[in-house]
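**Student:** Line by line, the protein sequences give chains S and C.
Residue numbering for the first sequence follows the UniProt record's numbering, beginning at 1 and increasing consecutively.
Residue numbering for the second sequence follows the UniProt record's numbering, beginning at 1 and increasing consecutively.
Identical copies carry no separate label here, and so any pair may be met within one copy or between two of them.
No more than 25 Å apart at the CA atoms, straight line, and that leaves these computed lysine-lysine pairs for DSS-like:
| no. | residue 1 | residue 2 |
| --- | --- | --- |
| 1 | 187 | 200 |
| 2 | 48 | 479 |
| 3 | 370 | 479 |
| 4 | 369 | 479 |
| 5 | 200 | 260 |
| 6 | 187 | 369 |
| 7 | 187 | 260 |
Since the hints were made in silico from the structure, they are not lab data.
2 protein chains.
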Amino acid sequence: MSLVEDFLAEPTVLSTSDRQYKTIQDLYALSLGDVFQQAFHELSQQDKVNACRPLSEHEADFTNIRMSQSPLSAESYRAFFEKEVIGHSVNLLSPKFLGHMTAPLPGFMADMTTAITRLNQNQVKVETSNVLTLIERQVIGELHHKVFGAPERFYRQSLQNPEQSLGVITSGGTMANITSLSYALNKAFGPSAGFDGITKAGLFAAMRHYGYQDVVILGSQRMHYSIDKAAKLMGLGERSVVRIPATASGHVDPVALRRKLDACRQNQTFVLAVIGIAGTTETGHVDPLAELGELAREYGVHYHIDAAWGGAYALSEKHRALVQGIELADTVAICAHKQLYAPMGISCCLFKSADFARDSENNTSYQCKKGSYDLGRYTIEGSRPASVLLLHALLNLWGEVGMAKVFDRGLVLTDYLVSRLAQSDEFYLYYQPDLNIVVYRYMPPHLRSLAEQGIPFTDLQRQQLNQMNAAIQQQQFQKGDTFVSATTLREVTGDCVVFRAVLCNPLATESDIDVMLEDQKQIAVSVARRFDHVNSFDFRVGK
Amino acid sequence: MSLVEDFLAEPTVLSTSDRQYKTIQDLYALSLGDVFQQAFHELSQQDKVNACRPLSEHEADFTNIRMSQSPLSAESYRAFFEKEVIGHSVNLLSPKFLGHMTAPLPGFMADMTTAITRLNQNQVKVETSNVLTLIERQVIGELHHKVFGAPERFYRQSLQNPEQSLGVITSGGTMANITSLSYALNKAFGPSAGFDGITKAGLFAAMRHYGYQDVVILGSQRMHYSIDKAAKLMGLGERSVVRIPATASGHVDPVALRRKLDACRQNQTFVLAVIGIAGTTETGHVDPLAELGELAREYGVHYHIDAAWGGAYALSEKHRALVQGIELADTVAICAHKQLYAPMGISCCLFKSADFARDSENNTSYQCKKGSYDLGRYTIEGSRPASVLLLHALLNLWGEVGMAKVFDRGLVLTDYLVSRLAQSDEFYLYYQPDLNIVVYRYMPPHLRSLAEQGIPFTDLQRQQLNQMNAAIQQQQFQKGDTFVSATTLREVTGDCVVFRAVLCNPLATESDIDVMLEDQKQIAVSVARRFDHVNSFDFRVGK
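Make a model of the complete structure from these sequences and hints.
**Tutor:** Now the structure itself:
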């Protein structure tokens, strides 16, 4: 029994005659053809966001761990795929999926991924990538130019200079953030008199040599958890990530940051980086990037901007003001699989200085030799696909005009949702959005009435409100007609569960937003009823 | 001027009427269609391995960093892509490309990547991956079962248990090795009385708490450079990677390894891992995996097997003996984009113990919560594509029978090349291969004659031999008719440049190997002539 045979109810589908692939040529010729196209077309017509049972009910179907002996026929596999995979995935094509940083992709993206697979170049070295090495450097240069706007002579000198690097393509934003922080540490604790540098001698020796008791990373309380991952991976530990509280507006407080920088100076604590966020994951806030940049410069600290979400706006002159100050960063992380409409698996980390990665270079005797064009000299990852072509296609096929159109649409939809929330009796807006991420809450009438009278909630009321909001979002996902996500904001007044809408699907309409809110409202009524019914505040929200 | 416009010689191609995409719907509908298919078909018929000039001559074409204002037409982009990208990539479809760990992919892989892009699931959390969460766990379980062969009850307990993990899918082998080493360190230096654990407190505090002066990683001199990358990233520094010399046969010396383990015990040095290699990158050697496993167990050290190349053989009962002892590992890295014939960008790290990742879990308030099915709890990477489907398709569509056929073919081709080298007057085999990687050298008559008389080479002769072999391989790549790679083996007798053939293309024939050797021979003659001509040993090989 193979992984898939379980699912094939019709025994005829599995006729053994299909299962004979006599030669290696047969194995290679095996194709699934364009038959998925129909299934995907149906998916795109389908309104349902989620047609999957909770995984706890579904998991028993995926417990076979015995590998198939004979090959399965292409027809059988296709039947499995269309029924089980397409049928039970999340329908990210739906305009009513408004909850995560994922939107439908332009048609050419699927064509480009096919082309990338067909070429199957490996960007780690020239012998398996050739011209794609130059194209990757060029695309990075184009992003670099949009973000940092260095003079032409800088690019003439550095763009295709194999001894320099303007940035790297990574598999995701986490790797981009890790790259920035790791390379910044390698640079700060580089070789000096009597010391080989941290990349040779390690963190322990580096801290002793440079006379530091501690290393910290400073940024907003809203920093993405990949910063904690970086700190853990780099041996700094989560304790080294110091989260500065946000002001009432949700942005990092520069005054508190300066106090912290002063304290570090006095305590032999090395500040590895100040991190600015251009679009926090939870709320879409853009930190005061210029102000942070001035602080970082004043204290001589590496300035990294996590622009995984918002960095894309820098590519459109019209929208650039949304991420004003981004040019002050030393390094910038941008996810192409977010607002550059590429499929999952491509981000980048841009280096303002073409020499930033110098202390982090990797060399071996079989590739990435000194002097070679091999891009692997500057990446943490090794073998990598030429996914840079996804970005190349977007930059050319949408151009700045096309991208601006798409960004505009997301902001229009954001304004619409905000205005609908303002008119609503059930929901209220939690933050005025900086970008196209909107957080809001459901509030039942009795609490709203307290709030309107200025009577503060008790802890139990607060907890109940959180439980209701969480329950509404979970039921909404399982019901599967519309979707927004939820998060728990850690506020000084306590945890606060909010809905989170991400308006990045430019094909969504105002009516989709109306339908989504109406869906939530109906669920809210039934959830509120259950809360009244149990008449207790220890109601447990299921997983 | 856009990135691409430079290349479009025919101004008609760029007719401005093509360049108007009025609506967002137009931008989304933009497709490049199946038109690449013809270009790829031509590529597959083409014998040339490389039709690209040296990048230093080509780089001037890729210096424009100004982003396109208006969108380019699909036709223009296609014209660019077919001419500049397909035409100047490395032709990995050629059966005469025998030099890297890359082979043509079965037809269904392109179909599957298209499907993955169309679904665009994000494996980090259930809300964007649904059933693909279960499928990823199932595929990892299937690999785990083949590698470790745990009893059925283990999989019943752990396979779909969200509190446990049998392994992770990564973007590549480097990330798989990093995951293993980082998580092993987190486990070893976990929380204990009076200590929060390394993930919170950092390496510095952990070493102090556990009373170690140093941390090392032990393995063969042939360890992949990703182990050094891991050590650098983790704050251990390259010095912590201790390379044990290989024996004359090219395998790590277990006696030397035991001595080192003893020394570490005496020096308060923590041994983070013993690393066994199942198929070294340079030579394809398989370390004595069982013996290393016994040593690791005796000393209580984490045992990681870097089976990026050779791990695939564990999936075929017929070939399993090639990587005998792999089941003794605590963690195993396998690259699906190597001998599991998936496109670039998918590897995995398998965890023998379902609790291995416990001390490395990541949680946030917006995803990867405790108790959730979110796979992001156990990965270093964050947002990730559902590339596990590539593996799922292969396991089902090739099955064990199909994979065994493909493995057989590579080994037959290996034997053929070895026999041809034995008959040759120009080349000699450097190592008897363990798997399907063959290293060999060219040797001119006068040196061969010395060797046959048992007269050792002078340093200058050795150097000349290295230069000639390097020059032959570089000319072969630029000539572009056939290809093998080269590496510099660091031997006790000094550096040694060798050719490196990787016989993983099952569609290659014996005749392709003959043609390749003949090509090298002809180049060798001309290179040898140049060496005679300059009549000096300081001849410089160009980059």
